[in-house]
Amino acid sequence: MTEPLLDPRLQRDLDRIWSPEPGWRGVLTNVNHTDIGKRFMIAAVVYFSVAGLLAMLIRAQLASPRSAFVGPEIYGQIFTMHGTLMMFMFAIPMFEGLALYLLPKMLGSRDMAFPRIGAYGWWCYVFGGAMLLGSMLVGKAPDGGWFMYTPLSSRTYTPGINADIWLLGATFVEISAICAAVEIAVTVLKLRAPGMSLVRMPLFAWYMLATSLMMVFGFPPLILGSVLLEVERAFGWPFFDPTRGGDSLLWQHLFWLFGHPEVYIIFLPAAGVVSTILPVMARTRIVGYGWIVASIFALAILSFGLWVHHMFTVGIPHMALAFFSVASTLVAVPTAVQLFAWIATLWQGRPELKLPMLYLLGMFSVFVMGGLTGVMLAIVPFNWQAHDTAFVTAHLHYVLIGGFVFPILAGIVHWLPHVTGRARIPRLGEAAFWLIFLGFHATFLLMHLVGLMGMRRRIDTYDAAAGWTAINLLSSVGAFVMAFGFALFLADCVLQRVVNRRSGQSPWGGTTLEWATAVPPRSYNFASLPAVSSRDPLMDEPRMAVRLARGGGYLAATRYGWRETLGVDTTTGRILQIVVLPGSSALPILLAGATGSFFLFMLAGLYGLTPLSLVLVVAISWRWAWTTGSTSEHGELPAGLGSSVPPHFETQDTPGWWASIFTLSANGTFLASLIFGFAFLWVVAPGWPPPACLGPIGTETAIAILASTAGSASLAVARRMVQRGSLGNAIRLGAAAAAGMGVALVAVAAIAFGGTLPIVTDHAYAAVAAALLAYVAMHLALAALMLAYGTARIGTGYVSPRRSHELAIIGQWTHYATATTLLILVILFLAQSCR
Amino acid sequence: MAVLLVLAGCGGDVSTLDPAGPSATSIAMMWSVMLIGATFITIVVLSLLALGFRRSVVPRRIPESLWLGYGAIGIVSVALIALLIYGFLVGGGQRPIGGPATTIRATAQQWHWHFSYEARAPTGAVLVMPVGHPVTVEVTATDVIHGFWIPRLGGKVDAIPGHVNRLRLQADRPGRFVGLCAEFCGTGHRDHSFTAIALSPADWRAFMDGASLEALGHD
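Chains as they are written, first to last, in UniProt numbering: chain B, 1 to 835; chain S, 1 to 219.
If we strip away everything but chain B, and leave its shape as in the complex, we get (with noise of 0.2 Å):
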């Protein structure tokens, strides 16, 4: 086939409206979803190299029995700095960047649904990124193991600022990958193709939104963990410290809480990819859809009821254990269910051996024999064996490579044509493929049999007598191998880039959405917007790309610059709204930059210079804000075949309301996590009762609560003024609103300040009690300033009762802050005296 016939003028008004701005600036204020998810990409597999190397030190050293190549202290960096960066810089942020790439062309959108976030997003990325790099050149890099257990990682046992770095790094990473998620599930709820319903969505939406709620509830926790971990090491808050009332078992609890559920948020966007790509190479439709999108949420759910099972050796009680194993294995099931579905699949069609199949296979042999290892680590009592021994090891990594890797190899070269529009070499990718499969297994399958042998995790070195020497050996020959491949598979990729021919519209048949756009892609993806009535349209439709590039979609004409894309309802896949997307913009980056200058104040315990840098944030963010929504009506617009909505910002279901929700969970995930903390603390740690307690707050809680509580009712009287258009009302009532917050807040402070707390840094119990109150003022302050802000809007003109849908977003804040008020100060009330 050859290049799709455009309609020359509406491309060039898309390419004006759509483009990033020329050069250096381009780079810098650039958000378009393309642009970032293959920046985002570039990025992983930069890191995985790195990380890859590091594993290659690794192999060196454990090569030879008694190897002097480097001593424990570099061992320790090497690897820690592995396990992180391949587990934080590489996993997650690779299938970000495919899911940002790939997500709204499947969908049938011309961009995510917060492209700013996703640039914010991006640069928090490359800043914490470049902390952990930075970190690893100066020779003061984490080496705690990646999962950063305390003591050893407090204060007393790792003075320097190594733990710190990975504290902060991942912390900020984390920002990043929370953003990501908030944005994917919007972008898949909303902003679809019209008549693309729930059940006509790709399977990899499907698993991309099973994964973003998995993160929206499953970062929260290890972020807690880390930021009470760094204000234990900076202010000394007894939070994990055994001789004040803390203890290490909560950051093993709040680390795992997200450690799990964060094996399933790698492996699903990569089944995910195995979905869509494996009918493709058979010529046919998924077996059992149905089947699969339940088993995707079976496993979402069933992966934050098995943490435990990387903490059978810390004395748990017994039917506990019991309970845990039950649901470690049963994992198993919904597993199984997209494995057979995927062999049914290929029985089905008519497979054919092309390179993104070899891929796929490698990962069944792999992932497969992952998967049962994973059942025998679930088994308690031989995980009092195997648990920290090289068995663990070699399970972990049959399981993430068998389980992401290969997939996401399988899905490079399988999108690759549409990433840079020309066709593979022949041959090199077949290479790479083998050596990449047969130096895995000769690395990994005997070291579980090591493993057994009695070889420990982490040890830098060993004896020659332990009987280890030939199997470690095997290990790193292969080891070098599978680099070799790696090597190869970029080479092949780069290659392919620069010197090789032009692919068609589709080199594999693929019958999703993505390729009815141009390959490469335009900044706009279509000219036009699909309509979609089945699963697989462009099977329905194989010159769709073609109508759509000529106009004959949804949006085919552009209107007041605006960057347009449509939002539907989230069930059916009606047509709601038009939503209207940012350009290019420096916000991202300068807050990025902000956000950034926080933790490195906090790095170099200039801890008085931080309130700068949240003044920063505080004003950049308003800033963002102000830049959307529109002070003149609009009503209903023409949206192309004979349909006409008006643009989102005066409707209520719009894309902000939903990511406002998203981001509430995932607020109110780290809220929960740190009343486990306190309940967990209380009940399980050594040191209780504390030896002083807060003493009586009844009248602070009752003032904070009246007046948190008047300030949600006047806000609600404001909104309904609004709808009335009495807007004159709804300021002075907004403006009440932020006072009754403000009057919460420094009943609050009084708590804090007024000589009712006992020193925090004695026991866990003041630390918690005053991590709870920041909690709350932090709440209440920024429902004081988004009710600030949304007075403002109404007096500036950009709220009316048809625009009214911020001040939804600023309710759902305002009345959280409220909730968490009544909340927290009653458990304070409750906890007052403690002995």
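Hints were generated in silico from the structure; no laboratory data involved. Owing to the predicted nature of the structure, the values given are computational and were not obtained by experimental measurement. Note that the Cβ used here is the ideal one computed from N, Cα and C, for glycine as well. Any given hint could be a false lead.
[To be verified] Part of the chain S face toward chain B, derived, beta carbon under 7 Å:
id, residue
1, C10
2, V14
3, L17
4, V45
5, S47
6, F53
7, S56
8, V58
9, E64
10, L68
11, Y70
12, G71
13, R95
14, G155
15, K156
16, A182
Starting from the known structure of chain B, fit chain S onto it as the hints suggest.
Using the frame of chain B, we list chain S on its own:
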């Protein structure tokens, strides 16, 4: 082939596959059972996969419910339930409850072990236990988290500051066994090990009466 490897020579001072006590023996047995099962399942799955490429051999249309309902959910659940029951039986037998047992206190720190007894002076970095008689090891740590593990006798348990974890162990024959720290505990982790000595009943009685290890010929 892997089974042969296991049988051929996976010995060594710290090999879980060369067990010297009931706990480690039942777990090593469990490994053999699971290895055979897992090998079988892998072969079945990869064969099904390979058949997908042999168009002439396989029926084109098999109902979803057969693949997914009976295959994925049915067969897999049955296998898992059987394995879980087996696991509970093995695990339940290793709980540190009931029956007469000698209690030994193990305390870990960077990078030493310290062992003490209810009715006898402590023995520093050497754990002394009787043969053929269960001991309950009470494991704790004074600084960071360590792990108590004698691979040839049984599973491991973490040594956590502020907590005491209990582990039931038994040695079937007299001798010396290597004990290791299993949880990464800093730069000295690799060599953070200890020796466990299992004494015959007569030696054990003498030891509990105050005889030194040197006097019993175990220095």
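Consistency of the hints with the structure:
no., hint, in the structure
1, C10, "holds (5 Å)"
2, V14, "holds (3 Å)"
3, L17, "holds (6 Å)"
4, V45, "holds (5 Å)"
5, S47, "violated (10 Å)"
6, F53, "holds (6 Å)"
7, S56, "violated (12 Å)"
8, V58, "holds (5 Å)"
9, E64, "holds (5 Å)"
10, L68, "holds (5 Å)"
11, Y70, "violated (10 Å)"
12, G71, "holds (5 Å)"
13, R95, "holds (6 Å)"
14, G155, "holds (2 Å)"
15, K156, "holds (5 Å)"
16, A182, "holds (4 Å)"
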